[in-house]
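From first to last, the protein sequence lines stand for chains A and B.
Residues in the first sequence are numbered from 0 upward in steps of one, following numbering that gives the first Met the number 0.
Residues in the second sequence are numbered from 0 upward in steps of one, following numbering that gives the first Met the number 0.
These are calculated hints, taken from the structure and not from any lab test.
One thing to keep in mind: the hints can contain errors.
Claimed, not checked - Cross-link-like lysine to any residue pairs, in silico, SDA-like; alpha carbons within 25 Å at most:
no.	chain 1	residue 1	chain 2	residue 2
1	B	K18	A	P214
2	A	K205	B	R133
3	A	K191	B	S158
4	B	K82	A	L186
5	B	K82	A	I123
6	B	K82	A	S119
7	A	K191	B	N91
8	B	K127	B	D147
9	A	K205	B	K127
10	A	K191	B	V125
11	B	K73	B	G312
12	B	K82	A	R206
13	B	K127	A	P214
14	B	K174	B	H87
15	B	K82	B	F15
16	A	K191	B	S29
17	B	K82	A	N204
18	A	K191	B	M102
19	B	K73	A	I221
20	A	K205	B	S158
21	A	K205	B	G312
22	A	K205	B	L131
23	B	K82	B	L150
24	A	K205	B	Y153
25	A	K191	B	R64
26	B	K119	A	N215
27	A	K191	B	G63
28	B	K82	A	E192
29	A	K205	B	V125
30	B	K18	A	Y126
31	A	K191	B	M101
32	B	K174	A	T198
33	A	K205	B	R109
34	B	K127	A	L208
35	B	K174	B	N91
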Amino acid sequence: MSETVKHDPNLAPVETPLHRFMSDFSDSMIAMAALAVLLVIVFIALFAPFISPTDPYDLAKVSIFDGKLPPGSVSMDGVTFWLGTDGAGRDLLSSMFYGLRISLGVGVMSGVIALCVGSSIGLIAAYYGGRVDTLIMRIVDIQLSFPAILVALILIAALGKGVDKVIIALVLVQWAYYARTVRGSALVERNKEYLEAATCLGLDNKRILFRHLLPNCLPPLIVVGTVQTAHAISLEATLSFLGVGLPITEPSLGLLIANGFEYMMSGRYWISFFPGIALLITIVSINLVGDQLRDVLNPRLQK
Amino acid sequence: MSDAPTLDVRNLKTHFFTKAGVAKAVDDVSFSFKAGEVVGLVGESGSGKSVTGFSILGLVDPPGRVVSGQVLFKGKDLLTLPKEDLRHLRGNRIAMIFQDPMMTLNPVLRVDTQMVETIKAHDSNVSKADALARARDALGQVGIPAPDERLRSYPHQFSGGMRQRVAIAIALLNKPDLIIADEPTTALDVTIQGQILFEAQKLCRETGTSMIWITHDLAVVAGLADRISVMYGGRIVEQGAINDVLDHPVHPYTRGLLGSVPGHNTRGQRLHQIPGMAPSLLNLPQGCAFQARCPKADDACHTEPAITEPVSGRAIRCVHPHLNADEEIGA
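The task is simple: from the sequences and hints, build the whole structure.
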């Protein structure tokens, strides 16, 4: 029996969705390059302590006499500062590696939490409809009518400082985008017959929502997820730059930029410039990957 | 098996409250049947067949609402049952099969996931291995070759007929007492349709499952059902044993329907058709809904026709039934 199975004409070899997705994605050279850059950035962020030339937060090794050295300088101990040092004499390259770690960590963490919270709320709005839907979506509308940075500033002012507080603020700013996206595609899926069939099979609401409805809403969610994560990173950098974000003990890229800002006018551009470039590259590469994901996952653009 | 009906629908009324007015999609529909019986629910588009099916399961969406009536399933009224109890009946004791097999399976879940889920939703004590074994048996039962392989496939890897078999297998999983099949073969080609009908009939005989087969295809019902209910304008206009109704239709509408089916001895002749169009449910005439298209209509048709039993075992709604068997069908 099992021998004949392999020749079943109905079981012709099909391209798996994952395989098709990968080959579609690799169509764009720019997206592949952005993905490569993003992987390098993630690698640096994950392994910052092992690949940094020096530990910028080991006070015993940092000397104030090395402060404000231009890129390529050599310290008194013979260490080369490829990107120079900041005002306190810390190696900028190492600081950036550590800063990237914190920026990415906070951005991804808040992105993931916002995705879970926002998509659950959006699913509930779409599935139950009526008053629940109206109430949730009006809250979303109100929140989205304020600039994200303003909402975040107000929340930080109310919550206080700290990594957890920043993550909470970013989640509260971003859940609305996910809720709106998921609701949109869930409303389309909700009227499809397989969900009616699932109801007829007597499945409970939780199962229908998360097992049947959510997986069918994933494509737009993935796209919004990448773009919003980039947004979260830049929002966190903005908050830190303004001095209301992460505490000084957790220096993200935004804080590094703020640190060097006072030296900009005196010609010591590198202290702000290089963290800014790192932030730019991170956000641009995430957005490029997100763009390609959008093109690949959009059924209307499918070949 | 006892003589008590599996399902007893009494005076069911489902109305849709739209901005343009009240659409009486199901208006005073009554029927009942015993275990193992197949009832064909026949009518043209918009006659209320599908809404009747949905009303039984309590799945009428707003603006529709079951206005009055009773749906007694083994003595329990489904319309007054708490939601949670009703959910446990769905997919467990009463299952539904839909028209379009392309749409009724979740595209992103494997067949085994969907089947195991259906079992577990009603009995969380079943182990995964047992549930899989039951799923495999159900696939085998509906004639799917190599069920082990097929369990691990996604819906898009199946052809239309195979998908409908999977949908039927899912409906069978919990060995329901009643299956509501809403035009399950309409989207399939004729050979597959024949196979599905054969499987369905076999299953009802073997398991004692009752079935409501909703369709507009008289040929399908003729070969499958034990009894037939003909719907028009939200009402059942004629019901009875399948052969009686098909051989000696009494209601003018049934006669018209049967007259429109091409037959051997009418070859080359112009095919008979019922004049006019099905009336809008929003704007039904006073009295009999069929009066505008009926050759026998007169002033008496303006009053609501009562259900009568002119021949034993037959219920019709008409003041001018064709009781003379010699009259030519379609005349």
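Results of checking the hints against the structure:
no.	hint	in the structure
1	K18(B) to P214(A)	violated (35 Å)
2	K205(A) to R133(B)	holds (24 Å)
3	K191(A) to S158(B)	holds (19 Å)
4	K82(B) to L186(A)	holds (23 Å)
5	K82(B) to I123(A)	holds (19 Å)
6	K82(B) to S119(A)	holds (23 Å)
7	K191(A) to N91(B)	holds (22 Å)
8	K127(B) to D147(B)	holds (15 Å)
9	K205(A) to K127(B)	holds (20 Å)
10	K191(A) to V125(B)	violated (29 Å)
11	K73(B) to G312(B)	holds (22 Å)
12	K82(B) to R206(A)	holds (16 Å)
13	K127(B) to P214(A)	holds (22 Å)
14	K174(B) to H87(B)	holds (13 Å)
15	K82(B) to F15(B)	holds (21 Å)
16	K191(A) to S29(B)	violated (30 Å)
17	K82(B) to N204(A)	holds (12 Å)
18	K191(A) to M102(B)	holds (7 Å)
19	K73(B) to I221(A)	violated (48 Å)
20	K205(A) to S158(B)	violated (30 Å)
21	K205(A) to G312(B)	violated (46 Å)
22	K205(A) to L131(B)	holds (22 Å)
23	K82(B) to L150(B)	violated (31 Å)
24	K205(A) to Y153(B)	holds (22 Å)
25	K191(A) to R64(B)	holds (21 Å)
26	K119(B) to N215(A)	holds (21 Å)
27	K191(A) to G63(B)	holds (18 Å)
28	K82(B) to E192(A)	holds (21 Å)
29	K205(A) to V125(B)	holds (19 Å)
30	K18(B) to Y126(A)	holds (24 Å)
31	K191(A) to M101(B)	holds (11 Å)
32	K174(B) to T198(A)	holds (17 Å)
33	K205(A) to R109(B)	holds (19 Å)
34	K127(B) to L208(A)	holds (22 Å)
35	K174(B) to N91(B)	holds (7 Å)
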